[in-house]
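Letter by letter, the chains look like this.
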Amino acid sequence: MRPPMIAWIIGLILVIALFTVGPVFFNSATPAILGMPPLYFWFVLVPLLNPIILGTVYLIDRREQPVTDEGEY
Amino acid sequence: MRGNIEMSSLDLIIAFVAAGVIAITLIGIRTGRAASRTLEGWMVNDRRMGPFLTWFLLGTEIYTAFTFLGLAGFAFASGGAAFYNVATNDVGYALGFFILPAIGLIGRRFGHVTQSDFIADRYQSPALGILIAACSAIIMIAYIDLNIEGLGAILNVLTAHRLNVVDAEIIGFLVLSMAVFFGGIRGNAWQSVIKDVLMFSCIAALFFVVPYHFFGGFGPMFGRMINEIPKNITLPGPTHKLGLLWLATTILLTGFGQWMWPQWFNVAYSARGSKTLKIQAVFMPFYQLVKVAVITIGFAAVLIFASQKVAGNEVVMLLAQQVFPVWFLALFALAAVLSAIVPAGPIIMMSCTLLAHNVYAKLLPATKPETVFGISRGLVFVVTFFALILAIVAHSLIALILLAAYNFIAQLVPSVLIGGLFWRRATKAGVFAGLAAGWALTIYFLLAGITQIDGMSSGFVALIVNGLVFFAVSLVTRPVPSEVLDPFMAAARDHRPAGASGSHGAMPAPAE
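Just so you know, the sequences run in chain order G and R. Count along the first sequence starting at 1, add 547, and that's the number in the working numbering. Count along the second sequence starting at 1, add 964, and that's the number in the working numbering.
Worth flagging that the hints you see were computed from the coordinates, not collected in a lab. Predicted, not measured: the structure shown is a model, and the values here were computed from it. Note that beta-carbon positions come from the ideal geometry of N, C-alpha and C, so glycine has one too. A few of these clues could be false.
Here are some of the chain R residues that sit facing chain G, going by a computed Cβ distance under 7 Å [claimed, not checked]:
| hint | residue |
| --- | --- |
| 1 | G1044 |
| 2 | P1194 |
| 3 | T1198 |
| 4 | I1215 |
| 5 | P1249 |
| 6 | V1357 |
Okay, the calculated beta carbon distance ranges per label pair [claimed, not checked]:
| hint | chain 1 | residue 1 | chain 2 | residue 2 | range |
| --- | --- | --- | --- | --- | --- |
| 7 | R | F1349 | G | L596 | 43 to 51 Å |
| 8 | R | L976 | G | R610 | 40 to 48 Å |
| 9 | G | I580 | R | H1204 | 35 to 43 Å |
| 10 | G | M552 | R | A979 | 52 to 60 Å |
| 11 | R | S973 | G | Q612 | 53 to 61 Å |
| 12 | G | R610 | R | V1130 | 43 to 51 Å |
| 13 | G | P613 | R | S1165 | 42 to 50 Å |
| 14 | R | L1411 | G | A564 | 43 to 51 Å |
| 15 | R | V1274 | G | L592 | 54 to 62 Å |
| 16 | R | L1328 | G | R610 | 48 to 56 Å |
| 17 | G | A564 | R | I1428 | 39 to 47 Å |
Taking beta-carbon pairs under 10 Å as the criterion, some of the chain G residues facing chain R (in silico) [as the list claims (entries may be wrong)]:
| hint | residue |
| --- | --- |
| 18 | P550 |
| 19 | I563 |
| 20 | T567 |
| 21 | N574 |
| 22 | G582 |
| 23 | Y587 |
| 24 | V593 |
| 25 | V604 |
| 26 | Y605 |
| 27 | D608 |
| 28 | P613 |
Isolated chain G, as found in the complex (with noise of 0.2 Å):
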């Protein structure tokens, strides 16, 4: 399996356990976290964290096969 595959399928099951596993540990009301209640919170957090996630398989991605798109905006 090439890295750029590799890395997808990392980023995705992490993708996708930041929103599954994490809620376990922050399904309260309290304490608060930044002032926000801590389900809340987490999923405040981890759509900001996603696009870093992303980011860095996009990274690996394009050192491996590097493309241009073709046509309008």
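Given the coordinates of chain G, work out where chain R should sit on it, guided by the hints.
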């Protein structure tokens, strides 16, 4: 607190919304007409859409009346379970990072314009393509229905039941039908730019105004949520039914099911290449914060409307009515109406194309391409009408319509995702058997009112059964020969520019 606004102001708002809808319809027609002279131009903009338009096209198809109204209603009624929807699209984007470019490359190589083309080629089965096209077109009517429900809720609140909602819906969707008929996917993408900017500005305004208007800031609002409604901001929520297992299984079902919606699947075809699709996957998760904002409004509404009986679908509009001046409420109402009308465009187009291109033309192979294109456009009015009828006769919470529709569409995961891109041993018999099992179970669960089994989403259980049947039957039936399947699978790895890869090559003729 402004509970109701004066009738003269209402008239102004309605006039502004009507003018706005007409203007955006004309913009869609003007920007899309030139590109909409063939089926490929109308449906996938000749595969030339770059990151800018793809971003907004995806945005409009994913962020609909459900996001604007339904999600707040679900948070209001069901509490923390609403967070499933933040995860759904993020899991979908992570999945789409690989599968959309692969599907796009295969489509470019073999001239696919719909999901059904992909399935028929992969399994060498026109019958399977026809079946999936027909069933998907029917399932998609529920998605159009969802947007009509949203439109009805907006008009209900906005007019204080003064305007005949059914008449307004008919007028709205006639306007929409005209825009789709002339504008095609490119026109819709430009409409989406306007709708998304307006919609997200309005949600942001409500997100910041509500805490300060009703609670004195975000800190006091969160404090009151923690102290007064702890069950509403966690799982299993105020209904005590939607627990962590439901959340996890619903995220898996809807996250993997996201790209099974034919209109979203088609983004793989309308984008100009793999890079465009991968960049979308990286940045689209930021859009999800909009959903968190909408959920916040839903939670706040629990405190604000604690002593009132309020319909979930209406909380956003009711709050907007209470906190905004008339001029901004007019903008807000226009954004809300567009969030129902614009996203319905690609869904209607896809449903029509599936029926014309993948059902009618496959049953009558002598049909000329221009006839198929004409039928596709003509069906716009028929499909919209059916969705309108469904909305009028079967009212429901928007979120429940969406979840029920997902239970059906996600049953395509084994055939499209697993067999389509990864498992060469998958067969058309396996797909037929798996889908029959999955859809039969989903229909049974729906009719019996079963939404969970041992805490898991019933749609997820049906998908597991579907997958098991798909694997078992595939293993004992004859797969597509290697000489036919090899070019199909190899196309997913061909990253050369479109011209170099020999676009629109023909698969060996499917043999039934």
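Assessment of proposed distance window 40 to 48 Å (beta carbons of R/L976, G/R610) = violated (57 Å)
key: Supplied contact hint for R/T1198, tested at 7 Å Cβ to chain G   = holds (5 Å)
request  = Would you settle whether the hint for G/P550 is holds or violated, based on the nearest Cβ-Cβ distance to chain R being less than 10 Å?
outcome  = violated (13 Å)
key: Interface restraint verdict for G/G582 against chain R (beta-carbon cut-off 10 Å)   = Nearest chain R Cβ about 5 Å off; hint holds.
message = Please check whether R/P1249 passes as an interface residue: C-beta within 7 Å of a C-beta belonging to chain G.
response = holds (4 Å)
inquiry  = Would the hint on G/T567 be counted as holding, given a Cβ-Cβ threshold of 10 Å to chain R?
reply    = Holds: closest Cβ of chain R sits about 4 Å from G/T567, inside 10 Å.
inquiry  = Given G/V604 as an interface hint, is its Cβ closer than 10 Å to any Cβ of chain R?
reply    = holds (6 Å)
query = Can R/G1044 be said to touch chain G, with a Cβ gap under 7 Å?
reply = At 5 Å from the nearest chain G Cβ, R/G1044 passes the 7 Å test, so the hint holds.
inquiry  = Restraint: G/Y605 near chain R, CB-CB cut 10 Å. Satisfied or not?
reply    = holds (5 Å)
inquiry  = Is the interface hint satisfied for G/D608? The criterion is a beta-carbon contact with chain R at less than 10 Å.
reply    = This interface hint holds because 7 Å falls under the 10 Å limit.
ask   = How does the Cβ-Cβ distance of G/P613 and R/S1165 compare with 42 to 50 Å: does it lie in that range?
value = This hint is violated: roughly 37 Å between Cβ atoms.
message = Taking the Cβ atom of G/R610 and the Cβ atom of R/V1130, is their distance within the range 43 to 51 Å?
response = violated (57 Å)
Violated hints, listed in ascending order, are 6, 8, 9, 12, 13, 14, 15, 17, 18; each of the other numbered hints is respected by the structure.
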